[in-house]
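Participant: The chain contents come next:
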Amino acid sequence: MISNISKRYARAFFEIATEGKQIEKYYSELNQFALIITQNKDLGNFLANPVFDQDSKKGVVVNIIGKLKLSVLTVNFLKLLVDKKRIDVLSDIVFFYRQLMDESLKKVRVSLKTAFPLSSEMQTYITSSLEKVTGRKVEVSVEKDPGLLGGIVIGVGDTLYDGSIKNQLNNMRNLLGEAR
Amino acid sequence: MKKLFKSISVLLISFTLMLLIAANCVYASGGSEGGYTKTQWFEFAWKTLDVIILGGFLYWMLAAKIKEFFVGRRQDIKDSMENAKKEKTQAEKKYLEYSEKIDKASHEIDGIIDMIKAQGVTEKQKIIEDAGKVAQKMKEDAQARIDQEFNKASYQLRSEAVSLSVLMAEEILKKNITAQDHEAMVKEYMDKVVNKN
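Chains A and B are the protein sequences, given in the same order.
All letters in the first sequence, in the order written, are residues 1 to 180 by this note's numbering.
All letters in the second sequence, in the order written, are residues 1001 to 1197 by this note's numbering.
Simulated from the structure, these hints should not be mistaken for laboratory data.
Treat the hints with care, since some could be wrong.
As the list claims (entries may be wrong) - Straight line, CA to CA, 16 Å or less: simulated EDC-like cross-link-like pairs of lysine to aspartate or glutamate:
1) 1187(B) with 162(A)
2) 1196(B) with 162(A)
3) 144(A) with 1171(B)
4) 1174(B) with 131(A)
5) 1192(B) with 162(A)
6) 132(A) with 1191(B)
7) 1196(B) with 145(A)
8) 166(A) with 1170(B)
All values derive from a computational prediction rather than experimental measurement.
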C-alpha cells in the first residue's frame, strides 16, 4: 500500500519530468538509485534510521550519487528526500512514478512465467497478442518457473492469465474431487 | 316375686315355731326334777312373746328391704338383659355399619387398585412408546452417522484416487513434454486469450 506522501512526491517529480520530456530517463535514474538501496540492506537501514543525523545521511547519498552520474534534477530530488526524511520510502515513490509513466506512455508491464525457455519468436508473438488484448504497448518481463510443468502464467496489472499445466491439473483435481 | 316373698314368710314362721318347740323341749327336760313353776311358765311365755315380737319386728323391718332387694335385683337383671340386648342390637348395627364401611372401603380399594393398574398400564405404554421413540432416534442417528462416515470414507478414497491420478499425470507430463509441445501449448493459449478478449 503506497502512502499518499509517496504519491505526492512521485507525482511532483513526474510533473517536472513531463515538462522536461524526460520521463523515462528520470525513472531510470531513480530506479537505479532505488535498486542500490534495495540491494544493500545496511544502506537502507542506515538511511531509514532516525538515530543518524541528516548531514551524515546526505553525505552518503551524495557520495553514491557522485559515482552514478545522475542528472541534476534527480540529484536534487534525492537530496530533498534525505532532508525531508523521506528517503526510506524511495521504492514506493519509484513504483508510483512508474505507474504514472506507464499511464502517460500508454504502456503496460506484464510479468510472464514460463516452464520452458521461450524462443524470441514466441516472445514476440506473446507481446503482440497482449498488445491486442490490452490495447497498449506491452513491456514483458520473463521469469522461468519449472513448477508450472508446462504453459505460461501472465500477470497484467491485477489480471492473471494462467495457462499452465499445473493450473489445469489443479482444476482437474478440484473437479474430480467435488464430483460425487 | 310374690311367690318368693310368700316362701320367705313361710320359712320365717316355720323357723319361729321350731324355735318355740325347741325352747319348750328345753324347759320340759328341766321340769323332770320337780315340774314347771308358774314363774317359769310366765317367763317362758314372756320370752316366747319376746321372740315373736322380735320376729315380727324383724319381719317388719326387713321384709320390705328384702322384698325390695330381690325385686330390685330382678329389675337390675332385667335391665341388664335389656341393656345387653340393646348393646347387642347396637353392636350388630355397628357391625353392619362397619361391614358396610369395610365393603365400601374394599370397593374403593378395588377401584384404587384398578385405577393404579390402569395408570400402570398407561405408564407402561407411555414408557414403551418413549423407549420406541428413543430407539428410533438412536437408529436414525446411527444411520446418519453411518451415512456420514460412508460419505467421508468415499470422499477420502476419491480424493486419494484423484491425487494419485494427478500425480501420475504430472509425472507423465514431466517425462514426455518437449519444448516444441510447450511452444504449441503457449501459442494455443495465447490465441484463446486473444479470442476471448
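Participant: Each hint should be assessed against the structure and marked as holding or not.
Facilitator: Status of the hints after comparison with the structure:
{"no.": "1", "hint": "1187(B) with 162(A)", "verdict": "holds, 13 Å"}
{"no.": "2", "hint": "1196(B) with 162(A)", "verdict": "holds, 14 Å"}
{"no.": "3", "hint": "144(A) with 1171(B)", "verdict": "violated, 19 Å"}
{"no.": "4", "hint": "1174(B) with 131(A)", "verdict": "violated, 31 Å"}
{"no.": "5", "hint": "1192(B) with 162(A)", "verdict": "holds, 12 Å"}
{"no.": "6", "hint": "132(A) with 1191(B)", "verdict": "holds, 11 Å"}
{"no.": "7", "hint": "1196(B) with 145(A)", "verdict": "violated, 25 Å"}
{"no.": "8", "hint": "166(A) with 1170(B)", "verdict": "holds, 8 Å"}
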